[in-house]
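Chemist: Single-letter residue listing:
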Amino acid sequence: MVPLSWYLVLAFMLIGLGGYGMMVKRNLIRILIGAEIMGNGVMIALVAIALYSPVFSFTGQGLIILVISVAAAHTALAMVLMLMYNRRYGSVDLGKPVEMEGQ
Amino acid sequence: MQGFDPALFEQLEFLLIAGIVLVLAYLALEHKEIVYAAFFFGFMASFVAGFFLLLEAPFIAGMQIAVYTGGISTLIIFASLLLPRAQDSTLETFATPRARQISLVVAVVVTVMTGFLAVIFPWAESFSEAFVSISQDLNGLAHWLWFENGIYVQMIALIMITALVGAITLLRMDKAEQLSSITGVFGVEAEPKTTEEATINDDEHAADDSTGVDE
Amino acid sequence: MMQTSRLFLDFIPVLVWALLAVALVIIMLLASWVLRPHVLQNSEKTSSYECGEEPVGPARISYPYNYFVYSVLFVVIDVMGAFLWLLSSSNLLWSNATKYEVVWQVIVFIFIVMGGVGFVLKMIPRSFLDGKETVDIYRRAKAEREQKQYPAGGH
Numbered sequence: 001m002v003p004l005s006w007y008l009v010l011a012f013m014l015i016g017l018g019g020y021g022m023m024v025k026r027n028l029i030r031i032l033i034g035a036e037i038m039g040n041g042v043m044i045a046l047v048a049i050a051l052y053s054p055v056f057s058f059t060g061q062g063l064i065i066l067v068i069s070v071a072a073a074h075t076a077l078a079m080v081l082m083l084m085y086n087r088r089y090g091s092v093d094l095g096k097p098v099e100m101e102g103q
Numbered sequence: 001m002q003g004f005d006p007a008l009f010e011q012l013e014f015l016l017i018a019g020i021v022l023v024l025a026y027l028a029l030e031h032k033e034i035v036y037a038a039f040f041f042g043f044m045a046s047f048v049a050g051f052f053l054l055l056e057a058p059f060i061a062g063m064q065i066a067v068y069t070g071g072i073s074t075l076i077i078f079a080s081l082l083l084p085r086a087q088d089s090t091l092e093t094f095a096t097p098r099a100r101q102i103s104l105v106v107a108v109v110v111t112v113m114t115g116f117l118a119v120i121f122p123w124a125e126s127f128s129e130a131f132v133s134i135s136q137d138l139n140g141l142a143h144w145l146w147f148e149n150g151i152y153v154q155m156i157a158l159i160m161i162t163a164l165v166g167a168i169t170l171l172r173m174d175k176a177e178q179l180s181s182i183t184g185v186f187g188v189e190a191e192p193k194t195t196e197e198a199t200i201n202d203d204e205h206a207a208d209d210s211t212g213v214d215e
Numbered sequence: 001m002m003q004t005s006r007l008f009l010d011f012i013p014v015l016v017w018a019l020l021a022v023a024l025v026i027i028m029l030l031a032s033w034v035l036r037p038h039v040l041q042n043s044e045k046t047s048s049y050e051c052g053e054e055p056v057g058p059a060r061i062s063y064p065y066n067y068f069v070y071s072v073l074f075v076v077i078d079v080m081g082a083f084l085w086l087l088s089s090s091n092l093l094w095s096n097a098t099k100y101e102v103v104w105q106v107i108v109f110i111f112i113v114m115g116g117v118g119f120v121l122k123m124i125p126r127s128f129l130d131g132k133e134t135v136d137i138y139r140r141a142k143a144e145r146e147q148k149q150y151p152a153g154g155h
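Residue numbers (this note's numbering), protein chains in the order written: chain Z, 1 to 103; chain D, 1 to 215; chain F, 1 to 155.
Bear in mind the hints are in silico, worked out from the structure with no lab data behind them.
There's no promise every hint is true.
To be verified - Chain F side only, calculated, beta carbon under 8 Å to chain Z, not exhaustive:
#1 V72
#2 V75
#3 V79
This one's a predicted model, so the numbers in the text were calculated from it and none came from an experiment.
All C-beta atoms in this analysis are idealised placements derived from N, C-alpha and C, irrespective of residue type, glycine included.
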């Protein structure tokens, strides 16, 4: 079998990529994509640790089901909030409120 | 299958899918067009399901494809079609270079701390792969979720209701104002011109131009 | 190592099929590149084909987002379907030990989610559905545009 550390390194790279996208991008949709990539990395790590743990239990896989469901809910709500943001500020730029305040 | 090593094949498959997933995640973050980025994110989510197949979790793989590739990337693509200003390249520039540097530093710190957890922390000693017990038992998973922890399912239903009610309440607020997006920068082109009007307008413009030249 | 039958070994045909699909696309693109005549490419040739009409304006317009709530509804139904899919792939509702407890949870779950969906369908304003306001806005925008063009035309 593939060693556990391979999965952990992959999850670490995905989380790093997602964190980079969340911090360095300013487009709100791009930030959401970065957050979803981070979530995917976390799910891979969780399923891998649940499989490789000495005591078998279904807790890992069950938690992943709940995580995917909550991810769907928060993405739906984030998208609606993004539409509201676009209506209010005319753009999906993250720094738009600060700019408008400075003027 | 004789003459065929499943372990080696598994490692090759892991490396192949890992490479594809990392390239697609990078493209989803760095591609210039946000719609293509959303498509790359959907592809990435469906390749992550391959890892769940490698990790003996068939239902998680199916749910990943059904919810992430089917639902979440649909939401992102739909919203990026509804927001044409999201393609604006000026959105990606920071006000000052200093803000970008601070963000980069924070991202590097988060990555280094995650890397410490993933690489240096002794996971491999704690979890020996000699004791891996493989179970592809959907019955046990359903028993865990629906019978032992049935309250989680009802909590998920309530979270779903929260998302739905929040969405409809936000969308109902000043719905007249939300229609103003049609008259926005690119909005008026949405109305197809009838041919008569187009020709009349073009003739007017042509006449206007010709008189301008004559004068 | 307890090496039972691994799951990914069942999916080797899928992998072969995926590689064949990618190879087929590459071969077809290469073959068409080899076989087609390489003539001069200009803007007339590369523009999108619209029958007799010249394409005007960008294709990325702002669609009215009345229908976004339907995609949210789809995602909610999707998650509910995944939960019921897990239930239907087990024998929880057949075995006597579990069926009396689980069936009430299923009923309550579907009742809550469907109640939310029904509430949303009830709360959607009628103008989201018939599109009258959208048409009004279009007409007003068009009238404004014509009013702007008349002074420019010198009438």
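Chemist: Which of the stated hints cannot be reconciled with the structure, identified by number in ascending sequence?
Modeler: Of the numbered hints given earlier, the structure breaks none, since each of them holds.
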